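2 protein chains.
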Amino acid sequence: MKLRRSGRLVDMTHYLLAHPHTLVSLTYFADRYQSAKSSISEDLTIIKQTFEEQGTGSLLTVPGAAGGVKYIPGIKEKEAKDTIKELCALIAKPERVLPGGYLYLTDILGSPHLVSKIGRLFAAVFANRKIDVVMTVATKGIPLAYAAARELNVPVVIVRKDSKVTEGSTVSINYVSGSSKRIQTMLLAKRSLEVGSNVLIIDDFMKAGGTINGMISLLEEFDAKVAGIGVLVETEGVEERLVDEYISLVKLTEVDIREKQIDLTEGNYFDFLEIEKKEG
Amino acid sequence: MKLRRSGRLVDMTHYLLAHPHTLVSLTYFADRYQSAKSSISEDLTIIKQTFEEQGTGSLLTVPGAAGGVKYIPGIKEKEAKDTIKELCALIAKPERVLPGGYLYLTDILGSPHLVSKIGRLFAAVFANRKIDVVMTVATKGIPLAYAAARELNVPVVIVRKDSKVTEGSTVSINYVSGSSKRIQTMLLAKRSLEVGSNVLIIDDFMKAGGTINGMISLLEEFDAKVAGIGVLVETEGVEERLVDEYISLVKLTEVDIREKQIDLTEGNYFDFLEIEKKEG
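Residue numbers (the working numbering), protein chains in the order written: chain C, 1 to 280; chain S, 1001 to 1280.
Check before you lean on any hint, since a few could be wrong.
[Said to hold, decoys possible] Chain S regions said to be covered by chain C (calculated; three or more residues, Cβ under 8 Å):
| no. | region |
| --- | --- |
| 1 | 1068 to 1074 |
| 2 | 1096 to 1103 |
| 3 | 1110 to 1117 |
| 4 | 1181 to 1192 |
| 5 | 1256 to 1262 |
[Stated by the list, open to error] What follows is a list of derived Cβ distance ranges for each label pair:
| no. | chain 1 | residue 1 | chain 2 | residue 2 | range |
| --- | --- | --- | --- | --- | --- |
| 6 | S | T1061 | C | V176 | 50 to 60 Å |
| 7 | S | K1002 | C | T27 | 13 to 23 Å |
| 8 | S | E1077 | C | A65 | 28 to 38 Å |
Think of the hints as simulated: they come from the structure by calculation, not from any bench. Owing to the predicted nature of the structure, the values given are computational and were not obtained by experimental measurement. Where is the CB? At the ideal position from N, CA and C, for every residue including glycine.
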């Protein structure tokens, strides 16, 4: 369909946002809008400038015959700070304290809007790593894993704690939960992960890191590599952390069960975020 | 930040796509871009026209002081047909047949790109119903539920088959699985669903409908109403369907375990989709 510049800008923006981390050739857009490549180039310059000014992300231009343009979702430091501050305020509500000092996060993880924001934070901080797949463990980490994977344009694999007939044959391992020291099992469908994959592990909560450590052991069974670890909440004051490098959005410093007081600070996210030079 | 028309079109498109089913006032945009409301109005006319021509969806204009504009994700009949055809072709692959005649769908449900497309199909067909929340049951339906909920701008609640301490107190029911006739339990966190909510149920697979029927019983415990039911795959030839009205994308007509032959057709989706008159 022939479109004028204004229409092209609207539709190209939509197309690029729906296809992050995907190389799109100029020819594709030229055919899509029945326009000259030179016009498409000018459109892309406008989009690139707006995306960078507004902190939407960047447009990488790959030159040459096999080239094109690639949208890399990003985030401005200020927006990241604001989102993490918002998450801290939400999580700190006293009514979240459950018996045993656990926190009720179901509503936060149930909000697609918040979940998308968290996914963008992870996608931005891991944008430059080689990632083939995002892995998480059922159930709470699933929405976060999908939100990050969508922006990184990679599939999701879900580790389970019970076997399901619809998964086909599985590989299972036993692991020791870091805090309760109990032996547990986790398993992954054999055909869900290719040998040698670079895997980003995403989860909602990390205490000692036993579950994440279990996922790392499971990856070894597939000769797969850990490309990164991202968690929404980590807890401070863990005696012996089982996981080395990880990125957390929020750090839980104290839960006072009696007073229903929850103390949180920013996680280590900003130690890893490459800060955009151009703060518009 | 002051932006010219071209930049405004790019950023407004991004903003509207990220905030579906949300009323945005013209004042918000006028302030965001330091532009006159009349210019914003003209921008919105261009975006509306492009969205409608390309089948992205529609922009509803709400007049008056409390008015504004609302982006309603939609889909063109042709795009919906193509997506469902693509799903049928993917699901029909012989290597999906598992022992017992089950189908391996984990890779399809693990693709954020496919899952987003499925979510858009559901969001388009349920766009005009009053929906407060999307409900699904762990684990496989979760990504589909989030993909639909994101486009409908409502939260997700997840029914579980086992109790978790991080859910707080729960309401549980027993139900009879339609095909295996076994009694099972499902439960939902008490504070995750408000009384009187209008609930869209989304799941990946429906045979006799026992699981979905269980969710309907659970809703009764919360005095909540079923606003709609959407499934990715339904199976044909079920003697006694436990669920009345539902929308399916794909219908499984036969699985020949020995020959590894899977037969599929379009589900009843197009009986429900309001077809856009303007096919660009």
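Verification of the hints:
1. 1068 to 1074: Three-residue rule not met by the region 1068 to 1074 of chain S, so violated; n is 0.
2. 1096 to 1103: Coverage by chain C holds here, the residue count being 5 at a Cβ distance below 8 Å.
3. 1110 to 1117: Our answer is that it holds, as 6 residues pass the Cβ test (under 8 Å) against chain C, meeting three.
4. 1181 to 1192: Coverage by chain C holds for the region 1181 to 1192 of chain S (3 residues, Cβ < 8 Å).
5. 1256 to 1262: violated (count 0)
6. T1061(S) to V176(C): 50 to 60 Å: Taking Cβ atoms as reference, T1061(S) and V176(C) lie about 59 Å apart, which means the hint holds.
7. K1002(S) to T27(C): 13 to 23 Å: violated, 34 Å
8. E1077(S) to A65(C): 28 to 38 Å: Once the Cβ atoms are compared, 36 Å apart, the range 28 to 38 Å for A65(C) and E1077(S) holds.
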